[in-house]
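Visitor: This is what each chain is made of:
2 protein chains.
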Amino acid sequence: MPTPPLAIRLHPADGVVIARTDILAGTPIPGENVTALARIPPGHKIATRAHAEGEPVRRYGQIIGVATRPIAPGEHVHSHNLGMGDHAKDYAFCSEAKPTDYVATPATFQGIVRPDGRVATRNYIGVLTTVNCSATVAQYVADAFRRNPFTGHDPLADFPNVDGVVALTHKTGCGMNDGEPLRLLRRTLAGYARHPNFAAIIVLGLGCEVNQIPGLMEEGKLEGRPRVRALTIQATGGTPKTVAKGVEFVREVLAEANAQGVRTSVPASHLCVALQCGGSDGYSGISANPALGAASDLVVRHGGTVILSETPETYGAEHLLTRRAVSEAVGRKLVDLMDWWEEYTRRNGGELDDNPSPGNKAGGLTTILEKSLGAMAKAGTTNLVEVYRYAEPVTAKGFVFMDTPGYDPVAATGQVAGGANIVCFTTGRGSVYGCKPAPSIKLATNTPMFRRMEDDMDINCGTVIDGDESVAECGQRIFDHILRVASGERTKSEQWGFGAEEFAPWVQGATM
Amino acid sequence: MPTPPLAIRLHPADGVVIARTDILAGTPIPGENVTALARIPPGHKIATRAHAEGEPVRRYGQIIGVATRPIAPGEHVHSHNLGMGDHAKDYAFCSEAKPTDYVATPATFQGIVRPDGRVATRNYIGVLTTVNCSATVAQYVADAFRRNPFTGHDPLADFPNVDGVVALTHKTGCGMNDGEPLRLLRRTLAGYARHPNFAAIIVLGLGCEVNQIPGLMEEGKLEGRPRVRALTIQATGGTPKTVAKGVEFVREVLAEANAQGVRTSVPASHLCVALQCGGSDGYSGISANPALGAASDLVVRHGGTVILSETPETYGAEHLLTRRAVSEAVGRKLVDLMDWWEEYTRRNGGELDDNPSPGNKAGGLTTILEKSLGAMAKAGTTNLVEVYRYAEPVTAKGFVFMDTPGYDPVAATGQVAGGANIVCFTTGRGSVYGCKPAPSIKLATNTPMFRRMEDDMDINCGTVIDGDESVAECGQRIFDHILRVASGERTKSEQWGFGAEEFAPWVQGATM
Ligand SMILES: [Ca+2]
Ligand SMILES: [Ca+2]
Ligand SMILES: [Ca+2]
Ligand SMILES: [Ca+2]
Ligand SMILES: [Ca+2]
Numbered sequence: 001m002p003t004p005p006l007a008i009r010l011h012p013a014d015g016v017v018i019a020r021t022d023i024l025a026g027t028p029i030p031g032e033n034v035t036a037l038a039r040i041p042p043g044h045k046i047a048t049r050a051h052a053e054g055e056p057v058r059r060y061g062q063i064i065g066v067a068t069r070p071i072a073p074g075e076h077v078h079s080h081n082l083g084m085g086d087h088a089k090d091y092a093f094c095s096e097a098k099p100t101d102y103v104a105t106p107a108t109f110q111g112i113v114r115p116d117g118r119v120a121t122r123n124y125i126g127v128l129t130t131v132n133c134s135a136t137v138a139q140y141v142a143d144a145f146r147r148n149p150f151t152g153h154d155p156l157a158d159f160p161n162v163d164g165v166v167a168l169t170h171k172t173g174c175g176m177n178d179g180e181p182l183r184l185l186r187r188t189l190a191g192y193a194r195h196p197n198f199a200a201i202i203v204l205g206l207g208c209e210v211n212q213i214p215g216l217m218e219e220g221k222l223e224g225r226p227r228v229r230a231l232t233i234q235a236t237g238g239t240p241k242t243v244a245k246g247v248e249f250v251r252e253v254l255a256e257a258n259a260q261g262v263r264t265s266v267p268a269s270h271l272c273v274a275l276q277c278g279g280s281d282g283y284s285g286i287s288a289n290p291a292l293g294a295a296s297d298l299v300v301r302h303g304g305t306v307i308l309s310e311t312p313e314t315y316g317a318e319h320l321l322t323r324r325a326v327s328e329a330v331g332r333k334l335v336d337l338m339d340w341w342e343e344y345t346r347r348n349g350g351e352l353d354d355n356p357s358p359g360n361k362a363g364g365l366t367t368i369l370e371k372s373l374g375a376m377a378k379a380g381t382t383n384l385v386e387v388y389r390y391a392e393p394v395t396a397k398g399f400v401f402m403d404t405p406g407y408d409p410v411a412a413t414g415q416v417a418g419g420a421n422i423v424c425f426t427t428g429r430g431s432v433y434g435c436k437p438a439p440s441i442k443l444a445t446n447t448p449m450f451r452r453m454e455d456d457m458d459i460n461c462g463t464v465i466d467g468d469e470s471v472a473e474c475g476q477r478i479f480d481h482i483l484r485v486a487s488g489e490r491t492k493s494e495q496w497g498f499g500a501e502e503f504a505p506w507v508q509g510a511t512m
Numbered sequence: 001m002p003t004p005p006l007a008i009r010l011h012p013a014d015g016v017v018i019a020r021t022d023i024l025a026g027t028p029i030p031g032e033n034v035t036a037l038a039r040i041p042p043g044h045k046i047a048t049r050a051h052a053e054g055e056p057v058r059r060y061g062q063i064i065g066v067a068t069r070p071i072a073p074g075e076h077v078h079s080h081n082l083g084m085g086d087h088a089k090d091y092a093f094c095s096e097a098k099p100t101d102y103v104a105t106p107a108t109f110q111g112i113v114r115p116d117g118r119v120a121t122r123n124y125i126g127v128l129t130t131v132n133c134s135a136t137v138a139q140y141v142a143d144a145f146r147r148n149p150f151t152g153h154d155p156l157a158d159f160p161n162v163d164g165v166v167a168l169t170h171k172t173g174c175g176m177n178d179g180e181p182l183r184l185l186r187r188t189l190a191g192y193a194r195h196p197n198f199a200a201i202i203v204l205g206l207g208c209e210v211n212q213i214p215g216l217m218e219e220g221k222l223e224g225r226p227r228v229r230a231l232t233i234q235a236t237g238g239t240p241k242t243v244a245k246g247v248e249f250v251r252e253v254l255a256e257a258n259a260q261g262v263r264t265s266v267p268a269s270h271l272c273v274a275l276q277c278g279g280s281d282g283y284s285g286i287s288a289n290p291a292l293g294a295a296s297d298l299v300v301r302h303g304g305t306v307i308l309s310e311t312p313e314t315y316g317a318e319h320l321l322t323r324r325a326v327s328e329a330v331g332r333k334l335v336d337l338m339d340w341w342e343e344y345t346r347r348n349g350g351e352l353d354d355n356p357s358p359g360n361k362a363g364g365l366t367t368i369l370e371k372s373l374g375a376m377a378k379a380g381t382t383n384l385v386e387v388y389r390y391a392e393p394v395t396a397k398g399f400v401f402m403d404t405p406g407y408d409p410v411a412a413t414g415q416v417a418g419g420a421n422i423v424c425f426t427t428g429r430g431s432v433y434g435c436k437p438a439p440s441i442k443l444a445t446n447t448p449m450f451r452r453m454e455d456d457m458d459i460n461c462g463t464v465i466d467g468d469e470s471v472a473e474c475g476q477r478i479f480d481h482i483l484r485v486a487s488g489e490r491t492k493s494e495q496w497g498f499g500a501e502e503f504a505p506w507v508q509g510a511t512m
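Chains A and B are the protein sequences, given in the same order. Numbering of the first sequence is given in full-length UniProt numbering, commencing with residue 1 and proceeding in unit increments. Numbering of the second sequence is given in full-length UniProt numbering, commencing with residue 1 and proceeding in unit increments.
FYI, nobody ran anything at the bench for these hints, they're computed from the structure. Take the hints with a grain of salt, since some may be wrong.
If several chains are the same, the list does not tell them apart, and a pair holds so long as it fits within one copy or across any two.
With a straight-line Cα cutoff of 20 angstroms, these simulated SDA-like cross-link-like pairs (lysine to any residue) come out [unchecked claim]:
{"id": "1", "residue 1": "LYS333", "residue 2": "GLU343"}
{"id": "2", "residue 1": "LYS98", "residue 2": "GLY398"}
{"id": "3", "residue 1": "LYS241", "residue 2": "PRO149"}
{"id": "4", "residue 1": "LYS241", "residue 2": "ASP455"}
{"id": "5", "residue 1": "LYS241", "residue 2": "ARG452"}
{"id": "6", "residue 1": "LYS361", "residue 2": "THR21"}
{"id": "7", "residue 1": "LYS361", "residue 2": "PRO214"}
{"id": "8", "residue 1": "LYS245", "residue 2": "ASP455"}
Sequences and hints are given; from them, build the entire structure.
Guide: If you want it as structure tokens, here you go:
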């Protein structure tokens, strides 16, 4: 039985350490030569030396803010004495890019190979909607193929390789600006329509919405694609006729979808992993995120792709990524995103540095910069090879960045639209997130939460905190789990059936 | 059999008439002394006299825009020759306010009287969510009480006065500004939680979201209310435990909810009618909207309330409402809203005058001003007694205005949050809208669409176009229908089960 430390030091240069457990006032911190001056909740920071007012405070060896008043050794460091200051930025483009250490014989998983050569991890039939006005009708089409929990009657019983029929509905599509907000919605819908995890798709509209089907089909390059059926309620003549047409189409494509859904051995280079965190706590940046980072490095070394996102949560730490960019052009795309976000949030009366949620703050994260550094750890250490707009098709192999908000469902929806076929979601406070048609693996940052929400958590990374496992060992365990889930093993959220409600395209611009 | 006119003149001063049917080039227009110079689609405008470039064009006797090039008699008038100009505004506050002609013996309906004296038209149990992260769990609670369509097993069979258990989920609640965007979401959720059509409510959160339950309960004055149960997934320990707790609460309140759901005769003053239009066409402003206006006048004369909304669709015609305001203060609230919208849309890169959707334009509406005048007709002719913010509790009796976007689900969600217990929704292109817990009556503007979508339409106002019925007769028919629906008669959208997907709180500010 390992003896876990009282506090965790993340870097030799740090002026703070992180409480692993509730530390009472007067408790000496072994190895740090300080005594806690106040009660320090788990995940929160303790000063290990004095800081003058205005002096930078470091964690991960990086500046997470400045002391807003003098801080004594042993003091609790949080919102009352730590704030954002001007943090020097040196982009130093490409200065730390290095050759990727590819694995000689890549791992494999049991994937579903589509006619165009792309590889799926699941095999769904989807009902997408152009507008909220067709959402209920879309549900009714999907409902016709739901297994009955009482009788056990399963309309898909003869199609064991089909994972289900899912309606992905939303609240927008009309009363909206027909410029970028509409293009962004269409990129998202088209990304789902083309997602390899869908064997076939219905695109269902009302008829008079701003997001007209012909424009969506053209902008999304969906015209003439097989197994895409467009329908509007108005042209079809109302609810029951449209439901009947939708159900008829699904019945037509089920046999072929089932035949396509046979799994074969494919290289891990077909993995496209969306990296997410939500409900972070002070452990996120110590356990689950660095461990997922180790797994990300394995995915990339096996030839696959990992997508880091949540731009506002990377804000302030982007100069660490520009150094790892493969070219200045790629690095500048990231810097441009940050400029766009500054302007966007200012225009909307917000500010980028007040993003930690009440949950984050209660968990011990004080500044967005501190949260950014912890969040970025998910992406590991390989080169940044490309930067994408929200929901843009991800074609590069390696570590890429996609612009998304930090809000979990909106962020992951962009990544899945980009083609992610696995989501890895770290959480400290606990999340029950799922995102059909991609499986979502949930990684707990701490053992108490893992135990409390074991019905919803897939992997416990609290082992790193407990002293049971190193970050590298936990990363290998995550990688192995990714391969099993990509091969068909169902995640907790899939077992419960999560993943339709959570479809949440990014809404930009005014609702009119 | 009445002979319908070829074109409809709305006002003696108008320089255009409206094609009732497809008019071919060379067809003389009886009574107008002009001949169509081009094909005029139904609902579109024909010039009945020459207009010089820059000259105002009138419809309803009101300026709907200016000629952007010279228009000859008989020409098709649309986007190619009609644009927005500067339209003179004279608010003339209260100048046309007049005493309301109340009905001596108000009509009655069979309503459900709550312990606090408020009257419901339906009797639901609701599951509301603070954040998207609890949406699926909310669905599972509601799902436990769904009637099984195959076995006929109905978990609510012993509770015939309960209309159902409905989960109303959304895509926001975190990654958001904690200022006005959060207050607005909380007003909406609290309005639903307090809605008389709910016998009991669960408020379900994840736990770490920006929209924390304690803040919602306090701002929404929900603390200590009976039959409101707050739950978070994190505190309850994950999905199955939280579903079980939710189901347990519903089972606890079902008997009392059923007992409360007995209907008794109540005066029509308890009607609170939300006025909506969506998928408008050139007939909206000729048939369904004026007919609904006649019904609105009856509701007000019987002591009830009607709520006009869709602020951007009223933009440009607000000076007609300021004249009917009961006080300058009420009128100025409306003007202030318009100023706010100008600033809001500018900030979001939009403009208020480009709102007609592709469907509107295809139906013959050229400018937002023209659409505004047609939309306002729904509110009838009585005094404007109050102006409310989005989702604010509506307590006044009479004709009131509530600030909402024009987009149907977002607009009606605000009105229902304000306490509307009936929605009257006019549509020209066809809509399948429903909005639990309030019934939604759908009024078709034209007979062909009514026939094509009869499964979804409740009332045909195309009779006015066809020459079968006057606007006043159609208004009386609508009013009688409202009383029956308020008494429990189910609308088309209720028969199909619409109304959960369509819950769409107004999202303001940036998603972070
Ligand atoms: Ca435009
Ligand atoms: Ca700032
Ligand atoms: Ca996130
Ligand atoms: Ca703030
Ligand atoms: Ca509307």
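Visitor: So, for every hint listed, does it hold in this structure?
Guide: Checked hints:
In the homo-oligomer, the alpha carbons of LYS333 and GLU343 lie at most 20 angstroms apart inside one protomer (15 angstroms), although the nearest pairing across protomers, at 31 angstroms, exceeds that limit. In this assembly of identical chains, the alpha carbons of LYS98 and GLY398 lie at most 20 angstroms apart only when taken from the same copy (13 angstroms versus 72 angstroms across copies). With identical chains, the CA atoms of LYS241 and PRO149 are at most 20 angstroms apart between copies only, with a shortest distance of 19 angstroms across copies and 27 angstroms within one. For the homomeric pair LYS241 and ASP455, the shortest alpha-carbon distance between copies (9 angstroms) is at most 20 angstroms, but the shortest distance inside one copy (40 angstroms) is not.
For the homomeric pair LYS241 and ARG452, the shortest alpha-carbon distance between copies (10 angstroms) is at most 20 angstroms, but the shortest distance inside one copy (47 angstroms) is not. Only within a single protomer do LYS361 and THR21 lie at most 20 angstroms apart by alpha-carbon distance; the minimum there is 16 angstroms, versus 64 angstroms between protomers. For the homomeric pair LYS361 and PRO214, the shortest alpha-carbon distance between copies (16 angstroms) is at most 20 angstroms, but the shortest distance inside one copy (46 angstroms) is not. Proximity of LYS245 and ASP455 under a CA criterion of 20 angstroms is satisfied inter-copy only: 15 angstroms between copies versus 38 angstroms inside one chain copy.
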